[in-house]
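Novice: Each chain is listed here by its residues.
Number of protein chains: 2
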Amino acid sequence: LIAPAIARAADDPLPSWNDSRSRTAILDFVGRVTKEGGPDFVPLDDRIAVFDNDGTLWSEQPVYFQVFFALARVKQLYPEHPEWENLEPFKSAISGDLKSLAATGEKGVLKLVMASHAGMTTEEFAQIVVDWITTARHPRFNRLFTELVYQPMLEVLNLLRANGFKTYIVSGGGIEFMRPWTEKIYGIPPEQVIGSSIKTRFEMKDGKPVLQRLPEIDFIDDGLGKPVGIYKFIGRRPIFAAGNSDGDLQMLQWVTGGKGARFGMIVHHTDEKREWAYDKQSSVGKLDKALDAATGARWAVADMKWDWRKIYPFSS
Amino acid sequence: LIAPAIARAADDPLPSWNDSRSRTAILDFVGRVTKEGGPDFVPLDDRIAVFDNDGTLWSEQPVYFQVFFALARVKQLYPEHPEWENLEPFKSAISGDLKSLAATGEKGVLKLVMASHAGMTTEEFAQIVVDWITTARHPRFNRLFTELVYQPMLEVLNLLRANGFKTYIVSGGGIEFMRPWTEKIYGIPPEQVIGSSIKTRFEMKDGKPVLQRLPEIDFIDDGLGKPVGIYKFIGRRPIFAAGNSDGDLQMLQWVTGGKGARFGMIVHHTDEKREWAYDKQSSVGKLDKALDAATGARWAVADMKWDWRKIYPFSS
Ligand SMILES: [Ca+2]
Ligand SMILES: [Ca+2]
Chain B
363 LIAPAIARAA DDPLPSWNDS RSRTAILDFV GRVTKEGGPD FVPLDDRIAV
413 FDNDGTLWSE QPVYFQVFFA LARVKQLYPE HPEWENLEPF KSAISGDLKS
463 LAATGEKGVL KLVMASHAGM TTEEFAQIVV DWITTARHPR FNRLFTELVY
513 QPMLEVLNLL RANGFKTYIV SGGGIEFMRP WTEKIYGIPP EQVIGSSIKT
563 RFEMKDGKPV LQRLPEIDFI DDGLGKPVGI YKFIGRRPIF AAGNSDGDLQ
613 MLQWVTGGKG ARFGMIVHHT DEKREWAYDK QSSVGKLDKA LDAATGARWA
663 VADMKWDWRK IYPFSS
Chain Y
363 LIAPAIARAA DDPLPSWNDS RSRTAILDFV GRVTKEGGPD FVPLDDRIAV
413 FDNDGTLWSE QPVYFQVFFA LARVKQLYPE HPEWENLEPF KSAISGDLKS
463 LAATGEKGVL KLVMASHAGM TTEEFAQIVV DWITTARHPR FNRLFTELVY
513 QPMLEVLNLL RANGFKTYIV SGGGIEFMRP WTEKIYGIPP EQVIGSSIKT
563 RFEMKDGKPV LQRLPEIDFI DDGLGKPVGI YKFIGRRPIF AAGNSDGDLQ
613 MLQWVTGGKG ARFGMIVHHT DEKREWAYDK QSSVGKLDKA LDAATGARWA
663 VADMKWDWRK IYPFSS
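Taken in order, these protein sequences are the chains called B and Y. Going by the working numbering, the first sequence opens with residue 363, and the numbers climb by one from there. Going by the working numbering, the second sequence opens with residue 363, and the numbers climb by one from there.
Chain B on its own, in the form it takes in the complex:
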């Protein structure tokens, strides 16, 4: 029998984490901010933690999961839009040609989002999302997309909440694409989800008041937009932030740049066998400047391959 390097309590809050520096740093931070009378104590009201979603709480390869949703939706709408047959980006979307789709650039993706995410009421859209997210499967794992969430990060969410933190998602993804399922999957209710949005308009439809989704950008919650979105929705500066790409750089800077104890964390995708390995050269979830900044800023870097015993809840 070999004794484990560090004995783990039966109620270990982070069982899917190896005994890594990032694990120690998380536990140390939570211990310090919750220690009454200690120099780093933070009152309950200010215990706010923000998490990026794609690549931080769930996978994002080979494309953001919301792109799979948009593709499915466009296919569904195709019979009503015969003009899409030879029109990009719809042509590539319908044939499932991700490469040609990528070649249509940001403008192409925007057209796809507007065609698939607007033109219905908010309640209709929520139902469309639920129908997709409870049935669609990821091509590599043949699992529901919501099964591809990171077990170690679920444990961090639970640990923080057990210590009085309010946990938020702050994603570049669509706010209404996430809200219908985040409570069930992450324990994060809709009002604690911040994301990119399109505009809505109040209307009377068949005599009933509804909000109609318009094909017009309202807010892009990415990069410089993340601190802006956080302050708009929460009105306070959080003390904990986790992200995985350069789109999280300003959020990490702003959150960890406040007074008192602060925690910044980056999920580094290093495990091509169990998940994916990518950083500086990736078109999805590019992690370059934020990785360089991590050392100087003393952000914890969770190395997926070495720090995580388990990736997904279903993993052995």
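One or more hints might be untrue.
Below, computed lysine to any residue pairings styled on SDA-like, alpha-carbon distance capped at 20 Å [stated by the list, open to error]:
| # | chain 1 | residue 1 | chain 2 | residue 2 |
| --- | --- | --- | --- | --- |
| 1 | Y | 567 | B | 619 |
| 2 | Y | 667 | Y | 650 |
| 3 | Y | 570 | B | 619 |
| 4 | Y | 528 | B | 526 |
| 5 | B | 621 | B | 394 |
| 6 | B | 461 | B | 434 |
| 7 | B | 621 | Y | 568 |
Pulled from the structure, derived: some chain B residues nowhere near chain Y, Cβ distances all over 10 Å [unchecked claim]:
| # | residue |
| --- | --- |
| 8 | 393 |
| 9 | 420 |
| 10 | 444 |
| 11 | 450 |
| 12 | 453 |
| 13 | 471 |
| 14 | 473 |
| 15 | 494 |
| 16 | 499 |
| 17 | 503 |
| 18 | 513 |
| 19 | 523 |
| 20 | 562 |
| 21 | 596 |
| 22 | 622 |
Looking from chain B toward chain Y, a few residues come up when the C-beta cut is under 10 Å (computed) [unchecked claim]:
| # | residue |
| --- | --- |
| 23 | 488 |
| 24 | 561 |
| 25 | 582 |
| 26 | 651 |
These are calculated hints, taken from the structure and not from any lab test. Think of the CB as a built atom: it goes at the ideal place given N, C-alpha and C, for glycine as much as any other residue.
Start from chain B and add chain Y with the ligands according to the hints.
Specialist: Below, chain Y with the ligands without anything else, positioned relative to chain B:
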């Protein structure tokens, strides 16, 4: 000895309310939605209540209190802006001439807001608000503005929260003008305050990350904007809404237009002796269409003069 018409329990949750129809309606609604197994039961997560602020939770005469704040701020900044001496709306603002100021119209007020609310970091602005709100006094009552909150409405907020409701402010006023003090005064934390906003920009200032307030409108949370703002921030349709003017009409329609038990409420200013009396003809807090709609929609109308025993917490 005369027995009271209806005996009140010692733990009466609405002691400042007379035995009115609106009081009965509120208690009845709370009883129905919290009765497990009952036909109108609403699960905890969906117990969301939204309250307009000006004229619903605190007074708004002779002008919105935020206008007093803007005037004080312009006076404070005047030494740095000698050009304001003969320039409207600043000239009227500095001399405190509310009539001339009103004559400058929406454009004038907008200029005043931008000059007084932008050009500093979010943290600096919060401090400016705190400095003012803890010292400035209302000209009629010579009380802090935060003393001019309605005791009966504080009781409604407490009653709802005691029954598992999450209470939100949804105001046409400035979101960052309210957030620094709503928790202390109403028990409503900053993240449960929705309001009008100006844009902010992430910047490094003296090497520190800050959000700079820009002189540019981001969102007007009034009228048609209220349901939009609610859904953007909360992602659900509340089941309880209270307002006092036509700016709350669409919010009331949308909230009470959902399925299941719903409650709409209008505060009607009818007491010129203890507070103010105004409705259809008022330039501040105009209540016309929403009052007409109340009957058909079966919204409770709280008549200040007859329904409220007490107006302010300091009233006898
Ligand atoms: Ca990400
Ligand atoms: Ca009002």
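Novice: Can we trust that residue 499 of chain B is non-interface, i.e. its beta-carbon lies farther than 10 Å from all of chain Y?
Specialist: Fine: 26 Å to the nearest Cβ keeps residue 499 of chain B off the interface.
Novice: Decide if the proposed pair is consistent with the structure: residue 570 of chain Y and residue 619 of chain B, CA atoms, cutoff 20 Å inclusive.
Specialist: 7 Å, holds
Novice: Checking the smallest CB distance to chain Y, is residue 596 of chain B really beyond 10 Å?
Specialist: 5 Å, violated
Novice: Just double-check residue 471 of chain B for me: nearest Cβ-Cβ distance to chain Y has to come out over 10 Å.
Specialist: 22 Å, holds
Novice: For the pair supplied as a hint, residue 567 of chain Y and residue 619 of chain B, confirm whether the alpha-carbon distance does not exceed 20 Å.
Specialist: 11 Å, holds
Novice: Is residue 621 of chain B close enough to residue 568 of chain Y, meaning Cα to Cα at most 20 Å?
Specialist: The given pair, whose Cα atoms are some 15 Å apart, holds under the 20 Å limit.
Novice: Take a quick look at whether residue 621 of chain B and residue 394 of chain B sit within 20 Å of each other, Cα to Cα.
Specialist: 15 Å, holds
Novice: May I ask you to test the interface hint for residue 561 of chain B with respect to chain Y, counting a Cβ-Cβ separation under 10 Å as satisfied?
Specialist: At about 8 Å, which falls below the 10 Å cut-off, the nearest Cβ of chain Y leaves the hint on residue 561 of chain B intact, so it holds.
Novice: Check the non-interface label on residue 494 of chain B: least C-beta distance to chain Y beyond 10 Å or not.
Specialist: The claim stands: residue 494 of chain B keeps its Cβ more than 10 Å from every Cβ of chain Y (closest is about 18 Å).
Novice: Would the non-interface assignment of residue 503 of chain B survive a Cβ cutoff of 10 Å against chain Y?
Specialist: Given that every Cβ of chain Y is farther than 10 Å from that of residue 503 of chain B, nearest at about 28 Å, it holds.
Novice: Just double-check residue 473 of chain B for me: nearest Cβ-Cβ distance to chain Y has to come out over 10 Å.
Specialist: 23 Å, holds
Novice: The output says residue 513 of chain B does not contact chain Y. Does that hold with a beta carbon cutoff of 10 Å?
Specialist: Its Cβ never comes within 10 Å of chain Y, the nearest being 25 Å, so this holds.
The structure fails hints 20, 21, 25, 26 (numbered hints given earlier, in ascending order).
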